[in-house]
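S.K.: The lines below spell out each chain.
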Amino acid sequence: MKPARFSYHLPATVDEAVALLAKLAPDDGRIIAGGQSLVPTMAFRMAQPPHLIDINGIAELNRIDVEGDIVRIGAGVRHAAFEAAGAVPGVTGVWLGQVVRHIAHYPIRTRGTFCGSVANADPASEWCCVVAALDGRVVAESASGTRRIAAADYFEGVMATSRRDDELVTAVELPLLPDGTRCGFAEFSRRPGDFAIAMAMTAYRLVDDLIVEARIAIGGAEPFPRRIAEAEAALNGQPPTAAVFAEVAAIAAAAVDPMEDSNNTADYRRSLVRAMTLRALEAAA
Amino acid sequence: MSDIKSMDAAEKVEIALDINGRVHRVRVEPRKTLVDVIRDDCGQTGTHIGCEHGVCGACTVLLDGEPVRSCLMFAVQVQGRKIRTVEGLQRGDDLHPMQQAFMDHHALQCGFCTPGFLMLAVGVLEKRPDISDEEMLEVLSSNLCRCTGYQNIIKAVRAAANAMRTAG
Ligand SMILES: Cc1cc2nc3c(=O)[nH]c(=O)nc-3n(C[C@H](O)[C@H](O)[C@H](O)COP(=O)(O)OP(=O)(O)OC[C@H]3O[C@@H](n4cnc5c(N)ncnc54)[C@H](O)[C@@H]3O)c2cc1C
Ligand code: FES
Ligand code: FES
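Protein chains in written order, with this note's numbering: chain P, 1 to 285; chain V, 1 to 168.
Since the hints were derived computationally from the structure, they do not count as laboratory data.
Even glycine gets a Cβ: it sits at the ideal position worked out from N, Cα and C.
Wrong hints could be hidden among the right ones.
From the structure, some residues in chain P lie toward chain V, with a derived Cβ separation under 8 Å [said to hold, decoys possible]:
#1 M1
#2 P3
#3 R5
#4 S7
#5 Y8
#6 H9
#7 Q36
#8 V39
#9 F44
#10 P50
#11 D54
#12 Y106
#13 I108
#14 T110
#15 R111
#16 P192
All chains should be built: construct the whole structure from the sequences, respecting the hints.
M.R.: Structure representation (structure tokens):
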């Protein structure tokens, strides 16, 4: 189908965009970033925003900045940017470079943005799972000021977040993991490029051959991605052995409350969480 | 605020689209997708429309050299940028090596998906002539073909990649 009519606005600065949002958000005016989630929903007429505010003309948003051990990803940065080696420094950059290959397909990654995925908050978004795994922060700007929202306070449900409609996500901030951190990622989808049915992200360091600073986040299974504290606690202090990984994967599977849909029962998703956690831990080792 | 460009929903606005080096001046509503404008308003019907929601890849064109889904962009968004479509591949009477390879390897049957596959493969190989076979397979998995079973498309793209590398 064809999208319904909308007025189109092309601001050149964040200030202009935020002023437009203040005026048009009450009338369901929306931001368009990469358009790779919004335009399909408009084509289905599931979304019929009367105004689109296009942020692709705002040059100041097209940046990845590193300050100390924080990387700040601007709202104009496309998925494909993370495929280039060195886009983000250190182990975090290498890891993001592996994760990005699972997001949709190349011609979609040339347009879709990191922050657009985080604003959209699909349960199976890889970037949302990254933000949860790393305790990232969402930078939300409106006419009344700027908020930094921690991941744990940001995700609220299926495509529901604590961002207000009049707030523009100008950037997402992620902590850079220390050198030597081992990172793993695994997801299951029926065809390459499809949204995953479940995914797991893991990171840890070894001190004296024992695991410290364990992070385990699960996406796709529940309405929004989150760290699984029980599984992390079981991993910390242990050696990276097959037996430990198997036990931790079982704990993660028991801790989640999976969604059901016409293709996937909760039990099936739970088994996938176990398998993906195990694979992510093995990939990190 | 005075610098913000705004276009009213119901009104047609004049835009200039650079397709294969030729500028088309057309009047369109903001809601019209790039692929619809390329086909209906600019008359370049080589680019096809399949699903209209980003899944099939039939509408793939190059935007400043990058493959994109032209059903997931609005034409008003691409002013001042360079668009390449399948009509721009041929040089005079000579087919592009990718087009030739598709013929030689029977990489098309009905041909519906072909313009999308051609633009996808050409766009990626121009940027990354030495892309690995595995990565190329991953790239090609983004487009759908209901006829060929993909194997001949993969053979054609491999052959064209070699031809494009030798031609420099
Ligand atoms: C065939 C297909 C397969 C896909 N597969 C995957 C996949 O496997 N994994 C995955 O994660 N994604 C997938 N996607 C979605 C893709 O990653 C999108 O790019 C992403 O979800 C949204 O980013 P965008 O920049 O395109 O946002 P848009 O589509 O422009 O916007 C999405 C929503 O977020 C809002 N928004 C966007 N940016 C901002 C901002 N800066 N501030 C406030 N609000 C904002 C918009 O108003 C809109 O409501 C797929 C898409 C397609 C078409
Ligand atoms: S028509 Fe654009 S991807 Fe199918
Ligand atoms: S040749 Fe018919 S769809 Fe590909």
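S.K.: Next, verify each hint and record whether it holds.
M.R.: Now the hints, each set against the structure:
The interface hint given for M1(P) holds, since its Cβ lies 7 Å from the closest Cβ of chain V, which is under the 8 Å cut-off. Annotation: P3(P) was flagged as interfacial toward chain V, and the flag holds, the nearest CB pair being 5 Å apart, inside 8 Å. The interface hint given for R5(P) holds, since its Cβ lies 4 Å from the closest Cβ of chain V, which is under the 8 Å cut-off. Against a cut-off of 8 Å between C-beta atoms, the interface hint on S7(P) holds, since the closest Cβ of chain V lies about 4 Å away.
For Y8(P), the interface hint holds, the least distance from its beta-carbon to any beta-carbon of chain V being 4 Å, beneath 8 Å. Given hint, H9(P) at the interface with chain V, holds; its Cβ is 5 Å from that chain's nearest Cβ, closer than 8 Å. Hint status for Q36(P) relative to chain V: holds, with the closest Cβ pair at about 6 Å, below 8 Å. Taken as an interface hint, V39(P) checks out: its beta carbon lies about 4 Å from the nearest beta carbon of chain V, inside 8 Å.
Interface hint at F44(P): satisfied, since its Cβ lies 7 Å from the closest Cβ of chain V, which is below the 8 Å cut-off. With a least beta-carbon distance of about 7 Å to chain V, the hint placing P50(P) at the interface is held under the 8 Å criterion. A cut of 8 Å between beta carbons decides the hint on D54(P): the least distance to chain V is about 6 Å, and the hint holds. The interface hint given for Y106(P) is met, as the beta carbon of that residue sits about 5 Å from the closest beta carbon of chain V, less than 8 Å.
Given hint, I108(P) at the interface with chain V, holds; its Cβ is 6 Å from that chain's nearest Cβ, closer than 8 Å. For T110(P), the suggested interface contact is upheld, since its CB lies about 4 Å from the closest CB of chain V, less than 8 Å. Interface hint at R111(P): satisfied, since its Cβ lies 6 Å from the closest Cβ of chain V, which is below the 8 Å cut-off. At a threshold of 8 Å, the smallest CB-CB gap from P192(P) to chain V is about 5 Å, leaving the interface hint in force.
In the structure shown, no violation is registered for any of the earlier numbered hints.
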